[in-house]
Amino acid sequence: MLLEIKGINQRFGDNDILKDINMEIKQGETFVIIGPTGSGKTTLLRLIGLLDKPVSGRIYFKGQEMPDSARARLALRRRMAMVSQKPAVFNTTVYNNVAYGLRIRKEKGAGLRDRVTNALETVGLAGYEKRNARSLSGGETQRVALARAMVLQPELLLLDEPTANLDPGSTANVEKLIAQVIRKLDTTVIMTTHDMFQGQRLAERMGVIVAGEMQQTGNPREIFGLPQSRDIAEFVGVENILEGTIKSNDGGVITVGINGAEIQAISDLDPGVNVYACIRPEEIVLARKTDKTSARNTYAAEITRIVSFAPLAHVHMDCGFPLVALITVKSAEEMGLQIGTPVYAYFKATGVHIIPR
Amino acid sequence: MSEIIDSFVTALDMIFSGDAEVWSITARTLAISLSATILAALISIPIACLIHFNNFRGKVALVTILQTFYALPTVLVGLLLYQFFSSSGPLGSLDILFTPTLMVIGQMVLIAPLMIGLTISALSGIGHEIRETTLTLGAGRIQMARTVLLETRYAVLSAVLIGFGRAISEVGVAIMIGGNIAGYTRILTTTIALETSQGNFELSMALGIILLVVALVVIITPSWIQFRSNRSLKR
Numbered sequence: 198m199l200l201e202i203k204g205i206n207q208r209f210g211d212n213d214i215l216k217d218i219n220m221e222i223k224q225g226e227t228f229v230i231i232g233p234t235g236s237g238k239t240t241l242l243r244l245i246g247l248l249d250k251p252v253s254g255r256i257y258f259k260g261q262e263m264p265d266s267a268r269a270r271l272a273l274r275r276r277m278a279m280v281s282q283k284p285a286v287f288n289t290t291v292y293n294n295v296a297y298g299l300r301i302r303k304e305k306g307a308g309l310r311d312r313v314t315n316a317l318e319t320v321g322l323a324g325y326e327k328r329n330a331r332s333l334s335g336g337e338t339q340r341v342a343l344a345r346a347m348v349l350q351p352e353l354l355l356l357d358e359p360t361a362n363l364d365p366g367s368t369a370n371v372e373k374l375i376a377q378v379i380r381k382l383d384t385t386v387i388m389t390t391h392d393m394f395q396g397q398r399l400a401e402r403m404g405v406i407v408a409g410e411m412q413q414t415g416n417p418r419e420i421f422g423l424p425q426s427r428d429i430a431e432f433v434g435v436e437n438i439l440e441g442t443i444k445s446n447d448g449g450v451i452t453v454g455i456n457g458a459e460i461q462a463i464s465d466l467d468p469g470v471n472v473y474a475c476i477r478p479e480e481i482v483l484a485r486k487t488d489k490t491s492a493r494n495t496y497a498a499e500i501t502r503i504v505s506f507a508p509l510a511h512v513h514m515d516c517g518f519p520l521v522a523l524i525t526v527k528s529a530e531e532m533g534l535q536i537g538t539p540v541y542a543y544f545k546a547t548g549v550h551i552i553p554r
Numbered sequence: 567m568s569e570i571i572d573s574f575v576t577a578l579d580m581i582f583s584g585d586a587e588v589w590s591i592t593a594r595t596l597a598i599s600l601s602a603t604i605l606a607a608l609i610s611i612p613i614a615c616l617i618h619f620n621n622f623r624g625k626v627a628l629v630t631i632l633q634t635f636y637a638l639p640t641v642l643v644g645l646l647l648y649q650f651f652s653s654s655g656p657l658g659s660l661d662i663l664f665t666p667t668l669m670v671i672g673q674m675v676l677i678a679p680l681m682i683g684l685t686i687s688a689l690s691g692i693g694h695e696i697r698e699t700t701l702t703l704g705a706g707r708i709q710m711a712r713t714v715l716l717e718t719r720y721a722v723l724s725a726v727l728i729g730f731g732r733a734i735s736e737v738g739v740a741i742m743i744g745g746n747i748a749g750y751t752r753i754l755t756t757t758i759a760l761e762t763s764q765g766n767f768e769l770s771m772a773l774g775i776i777l778l779v780v781a782l783v784v785i786i787t788p789s790w791i792q793f794r795s796n797r798s799l800k801r
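Heads up: the sequence lines are chains A and B, in that order.
So the first sequence is numbered by the working numbering: it starts at 198 and just counts up by one.
So the second sequence is numbered by the working numbering: it starts at 567 and just counts up by one.
This is chain A alone, in the form it adopts within the complex (with noise of 0.2 Å):
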């Protein structure tokens, strides 16, 4: 194991960022924190990279605890990098901002010119070595901000939230940057994202962060898919989200009373238990006439309102209940939706993810 946190809490002020904060991260693995902005992911990530101290708790890096004092902390952190969000550069060259964490370990002669070289080749920055960093755009800062940790070939990288201030071009290029650094250093990332997506893409195990606490840790398939509580349904996606009643458990196929309509779905959980129905759009598949399919849920529904980023559509309908669809625009358009089409949802009882409430 690279990283323990056990019981981690940090107050600022009267406000309490994290509680109890308890995770564990392998070595190797690339292990993603996302959550809503102001959740406390900073934070965190600042107490992993020991710019600040937590009010209580504990942090092991390799089974040793993190040190108080000065020089202890100062030798730790050398093995870390961190790439924060908005990457503040030195006014010199590119060359001087990539060089600077080796000359501070002493590194001199070939040895650096050669690793700094590397690193700004494999971010795409070869050329710009003589360049004032001050005058680079906000995807290229990022790239030197990169270059300068990967530079150091650090135990664990540390990247809070590095596409977070630039444009949707320059976060898909530095986002295949960064699978592209994690894949060459071949070592322990931590990062955080408010972007679920990017996160899903880049992660081996997420953790979800939600007002200080982390409240679930697992791979994408089982953050995104089988989310453990209303507010990480939310957060990953889950444009469905239904409150009702277990009705009755018949050998693991529930019914849940949602608002005088039934839905089925898999769970062992009994009769009587209030729950949440969770139910991604994508799972939603629509027809214009009904016809018998193996889903356990089909219901008659009246279209309410269609929002379309092609190549999507989220379809919004009333079956008693409020449900979303997202389909392509083409199949929209084939099947001639518009608001007040009367049309057929389905979906399959496995489709649905339950969450006591």
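Simulated from the structure, these hints should not be mistaken for lab results.
Source: prediction; values computed, not measured.
Where is the CB? At the ideal position from N, CA and C, for every residue including glycine.
There's no promise every hint is true.
Unchecked claim - Derived coverage of chain B by chain A (criterion: at least 3 residues anywhere in the stretch with Cβ under 8 Å from a Cβ of chain A; other residues may be distant): (1) 683–691; (2) 707–721.
Unchecked claim - Cβ-to-Cβ under 10 Å is the rule here; a few derived chain A residues that face chain B: (3) 277; (4) 298; (5) 423; (6) 427.
Given the coordinates of chain A, work out where chain B should sit on it, guided by the hints.
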């Protein structure tokens, strides 16, 4: 009016003809004020770093006091130093009253608070991002301070030059603890005061022009260095 123009023309002639008195006073003035500036900078910049990079009780009060000292009356500094270094004063045994050495000390006392305060302001102008970036890249506290200081180099240079400007243009300290002894402690400002009171406007004007040129150099130098430095980096 013609008297002013006449003395201005004579003054220019004295400067460009290499008048021995003008240039010896100028050389002495530069030697004293440059020594005071360099020594004050060597003391003030580390003190400014110590104050800026450490949190302690009374920090705000200390900075406020330093800022108050920006306007420290030169005659007051002169008076205090006179009392300390006169033969009956606690440091009278050093026997440096009316010497260039005490003039250097006096100018240091005068400009050190200004340099410390302006350096602290310069360091505060750098966002905490730079400071934290150095830490995340493995810098220790001294390396971090050195990097932040380097990032503020032009503002710190300005602080030093403003200190030099105050040192070279002050008259109160120089006259009270220097004594305005011809060929020994007589400098540009004290000579101007003396010669003007004696009606010798040409020499005063010549020395005044030199003071103005020095002030101009003080103002232009940091901008020029920054311009040259930026031009050497590709945009």
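Worksheet item: Which of the listed hints are broken here?
Response: When the structure is compared with the hints, numbers 1, 5, 6 turn out to be violated.
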